[in-house]
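Please model the entire structure based on the sequences and the hints provided.
Single-letter residue listing:
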Amino acid sequence: MAAAPAISIDAVSKRFRLYHERASSLKERVLRLRRTRAEEFWALRDVAFDVGEGETVGLIGANGSGKTTLLKIIGGILRPTAGRVTTRGRIAALLELGAGFHPELTGRENVYLNASILGLSKRETDRRFDDIVGFAELEPFIDNQVKHYSSGMFVRLGFAVAVHVDPEILLVDEVLAVGDEAFQRKCIARVRRFQEEGRTIVLVTHAVERVREICDRAVMLDGGRIRASGDVRDVLREFRVVLLQERAPFVRGEATQDIEVLGVALLDSEGRPVKRVRPAKPLSIQVDLKANRPVDDPVVSAALYDARDRLAYKVGTDWLEHALGRVEGTLRVTFELATMPFVSGRYHLTVGVHSRGLDKVYDWHDQRYAFDVDDSAGIEGQVWVPAKLRVEEL
Amino acid sequence: MNTETELLVRTSEPPRLRVGRRLRELFHHREVLVNLIRKETKVKYKSSVLGVAWSMLNPVLYLAVFYVVFTFFLRSGISNFVVYLLAGIVPWTLFATGLQGATGSVVANGPLVTKVAFPREILPLSAIGAAVVNFGYQSLVLVAALLVFTYPFLGPALVLVPLALVVLLLFLTAVGLSTSAFNVRYRDTHHLVDLALLAWFWVTPIVYQGPKVVAENLGARALQLYLLNPLANVVLAFQRALYGGSSAEALSELPDPGIAWYAGRLGALGAVSILLLYVTWRAFYRMSGDFAEEL
Numbered sequence: 070m071a072a073a074p075a076i077s078i079d080a081v082s083k084r085f086r087l088y089h090e091r092a093s094s095l096k097e098r099v100l101r102l103r104r105t106r107a108e109e110f111w112a113l114r115d116v117a118f119d120v121g122e123g124e125t126v127g128l129i130g131a132n133g134s135g136k137t138t139l140l141k142i143i144g145g146i147l148r149p150t151a152g153r154v155t156t157r158g159r160i161a162a163l164l165e166l167g168a169g170f171h172p173e174l175t176g177r178e179n180v181y182l183n184a185s186i187l188g189l190s191k192r193e194t195d196r197r198f199d200d201i202v203g204f205a206e207l208e209p210f211i212d213n214q215v216k217h218y219s220s221g222m223f224v225r226l227g228f229a230v231a232v233h234v235d236p237e238i239l240l241v242d243e244v245l246a247v248g249d250e251a252f253q254r255k256c257i258a259r260v261r262r263f264q265e266e267g268r269t270i271v272l273v274t275h276a277v278e279r280v281r282e283i284c285d286r287a288v289m290l291d292g293g294r295i296r297a298s299g300d301v302r303d304v305l306r307e308f309r310v311v312l313l314q315e316r317a318p319f320v321r322g323e324a325t326q327d328i329e330v331l332g333v334a335l336l337d338s339e340g341r342p343v344k345r346v347r348p349a350k351p352l353s354i355q356v357d358l359k360a361n362r363p364v365d366d367p368v369v370s371a372a373l374y375d376a377r378d379r380l381a382y383k384v385g386t387d388w389l390e391h392a393l394g395r396v397e398g399t400l401r402v403t404f405e406l407a408t409m410p411f412v413s414g415r416y417h418l419t420v421g422v423h424s425r426g427l428d429k430v431y432d433w434h435d436q437r438y439a440f441d442v443d444d445s446a447g448i449e450g451q452v453w454v455p456a457k458l459r460v461e462e463l
Numbered sequence: 203m204n205t206e207t208e209l210l211v212r213t214s215e216p217p218r219l220r221v222g223r224r225l226r227e228l229f230h231h232r233e234v235l236v237n238l239i240r241k242e243t244k245v246k247y248k249s250s251v252l253g254v255a256w257s258m259l260n261p262v263l264y265l266a267v268f269y270v271v272f273t274f275f276l277r278s279g280i281s282n283f284v285v286y287l288l289a290g291i292v293p294w295t296l297f298a299t300g301l302q303g304a305t306g307s308v309v310a311n312g313p314l315v316t317k318v319a320f321p322r323e324i325l326p327l328s329a330i331g332a333a334v335v336n337f338g339y340q341s342l343v344l345v346a347a348l349l350v351f352t353y354p355f356l357g358p359a360l361v362l363v364p365l366a367l368v369v370l371l372l373f374l375t376a377v378g379l380s381t382s383a384f385n386v387r388y389r390d391t392h393h394l395v396d397l398a399l400l401a402w403f404w405v406t407p408i409v410y411q412g413p414k415v416v417a418e419n420l421g422a423r424a425l426q427l428y429l430l431n432p433l434a435n436v437v438l439a440f441q442r443a444l445y446g447g448s449s450a451e452a453l454s455e456l457p458d459p460g461i462a463w464y465a466g467r468l469g470a471l472g473a474v475s476i477l478l479l480y481v482t483w484r485a486f487y488r489m490s491g492d493f494a495e496e497l
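Protein sequence lines, in the order shown, are assigned to chains A and B.
Count along the first sequence from 1, then add 69; that gives the number in my numbering.
Count along the second sequence from 1, then add 202; that gives the number in my numbering.
Hints in this document: simulated from the structure, not taken from any laboratory.
Backbone N, C-alpha and C define an ideal beta-carbon position, used for all residues, glycine too.
Please note that the accuracy of each hint is not assured.
[Stated by the list, open to error] As a list, the in silico DSSO-like pairs of lysine-lysine whose alpha-carbon atoms are at most 27 Å apart:
id, chain 1, residue 1, chain 2, residue 2
1, B, Lys246, A, Lys255
2, B, Lys241, A, Lys255
3, A, Lys359, A, Lys255
4, A, Lys191, B, Lys246
5, A, Lys216, B, Lys246
6, A, Lys359, A, Lys383
7, B, Lys414, A, Lys191
8, A, Lys216, A, Lys255
9, A, Lys383, A, Lys344
10, A, Lys216, B, Lys414
[Said to hold, decoys possible] Label-pair distances were calculated between CB atoms; the ranges are:
id, chain 1, residue 1, chain 2, residue 2, range
11, A, Glu108, B, Asp390, 23 to 29 Å
12, B, His230, A, Ser94, 34 to 40 Å
13, B, Leu397, A, Asp195, 41 to 47 Å
14, A, Ala117, B, Leu342, 57 to 63 Å
15, A, Ala73, B, Arg488, 37 to 43 Å
16, B, Leu397, A, Ala117, 33 to 39 Å
17, A, Glu173, B, Phe403, 26 to 32 Å
18, B, Pro321, A, Gly221, 28 to 34 Å
[To be verified] A few chain B residues facing chain A, derived, Cβ under 7 Å:
id, residue
19, Glu208
20, Thr213
21, Ser214
The following block contains the structure:
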């Protein structure tokens, strides 16, 4: 039997009206008889995709791209202006942790209140209560008023309740980015359990690493439309390109283009372009630059990121204690890396040209280039260390 | 866990109210309602020394003020004024606090409305529920007064109490649903409601013998008009049941000695309230889909 999708989004559009001077009280309404002008703003335009049962889909996009609006429409909080959303199964939308928590009530009272709002019955909450409190690590404080909680405790309790609701479809907005490292790991583990139990999850997040770690599929929104959809890696790459060209939030300051990166090549020891490198072999990063105006003492940097978006290696002309001096016209800078001490996996390369101290950025290609390190031995870990084996009798 | 699959379709059409289905949905969310009522009442009395006693002090204070004013200054001449006043002011307070709470309920719970999907009716209903709890405490004061004065209130007229209460709640819910939705769009609605309640209090026979005064000074037609006030009918029924009791002297202060007269008027008011409730509920339901956007 072909299972019907858990969530089916069909040509959904959402228009918001932004009123500049809308009468928000009867008094104003009476005093200002002419109607106020409203500016229309389409938060979503013809968005359509399905989420299969048991699938985990990451929704990404810059601020204002419509992710949260879409999540609210799926969750039934907002009504679409056009189109249709069909969902199969009990939905829990975690748009805010501790929604409805009241500071004057105790932790215990708030757990029951919050759980019922998220759709748990009293009996179900009774059964899960100890788990919830244990998960939040708040046993000694559960009968204190929530107003005495620290913000971390508040958020932990909110999350603990949220993950103990029992939905078939879970909508999560940015809430995974709470708490300390240990608590985050616990949250991720919990989401994984949801996945193993075959629940459908839609995740909105800024944390690209999270999407790569958790999601089966990603959908990228840009200005209310779907910009990319499908394989997580492809979508994330598109996300980077769009972000950089249009908004460039990864870069400290705007790229001035005083110096432009014309091209970047990855070369092996013979100077041939490569896509695959074996561990311990050399790799050269060749950066061609053009100065659109003379620049004094620029720095060229290159950084490698692993598949989980962690910085693996970074090098720069300043680190190699090489001053480029005054740059005019074109220039080729090559970093000759003597060895690739990494295990198998895909690595992304970022190249930037900037002033010393990064207060000015001339050009920045964020993870625009990729290559694979291919280690047929399948060594696990993070670094590739050349090793020899010696066995002797004692 | 729920085994049957909940299929939900959302389109751009504003939803149409199907009473039976919506009632089932509300029943499904009854625990939210109970928890929100509990929250309202708990929050109201937390961090106060007297706690629940405030609920009971309130009518006692009103009583003291009105007693002094109407016994020594204005000389209303109502026998057993304490019982008369309590019988009227307790249901009135239920209506007034319920309506004030309901009106502000959706806006006050804005963070919840914009983040969680649940039937929005729950919010005004929980405010009304909290008013009912408060009414329960205040009724204790009323009962205590009846017992202390050994007032002869036992009698067949007591059947009017549950009837009047049900009709009052129907009417209150009908009005509260509309004002709470209206307050989302026009935030000063609740000021207007406060003003309206102030005027409403004085056209309702709580501190004076309304029908008698109106009939004597303005004539029979004015009395008909006066009795169109739904709250007048509810309050009069409470007064007939508790104050009227079996005292002939007390009955002379009321418009009609017969129980049927009150029951008939309550029945008519109940029917009108149900109709009104259907209309305002439908409007509320239509508008509730956009509450999250307006807040």
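Hint-by-hint comparison with the structure:
no.	hint	result
1	B/Lys246 - A/Lys255	violated, 37 Å
2	B/Lys241 - A/Lys255	violated, 30 Å
3	A/Lys359 - A/Lys255	violated, 48 Å
4	A/Lys191 - B/Lys246	holds, 23 Å
5	A/Lys216 - B/Lys246	holds, 15 Å
6	A/Lys359 - A/Lys383	holds, 22 Å
7	B/Lys414 - A/Lys191	violated, 52 Å
8	A/Lys216 - A/Lys255	holds, 25 Å
9	A/Lys383 - A/Lys344	holds, 19 Å
10	A/Lys216 - B/Lys414	violated, 53 Å
11	A/Glu108 - B/Asp390: 23 to 29 Å	holds, 24 Å
12	B/His230 - A/Ser94: 34 to 40 Å	holds, 36 Å
13	B/Leu397 - A/Asp195: 41 to 47 Å	holds, 45 Å
14	A/Ala117 - B/Leu342: 57 to 63 Å	holds, 60 Å
15	A/Ala73 - B/Arg488: 37 to 43 Å	violated, 29 Å
16	B/Leu397 - A/Ala117: 33 to 39 Å	violated, 50 Å
17	A/Glu173 - B/Phe403: 26 to 32 Å	holds, 30 Å
18	B/Pro321 - A/Gly221: 28 to 34 Å	holds, 33 Å
19	Glu208	holds, 6 Å
20	Thr213	holds, 5 Å
21	Ser214	holds, 5 Å
Checked against the numbered hints listed earlier, the structure breaks hints 1, 2, 3, 7, 10, 15, 16; every other hint is satisfied.
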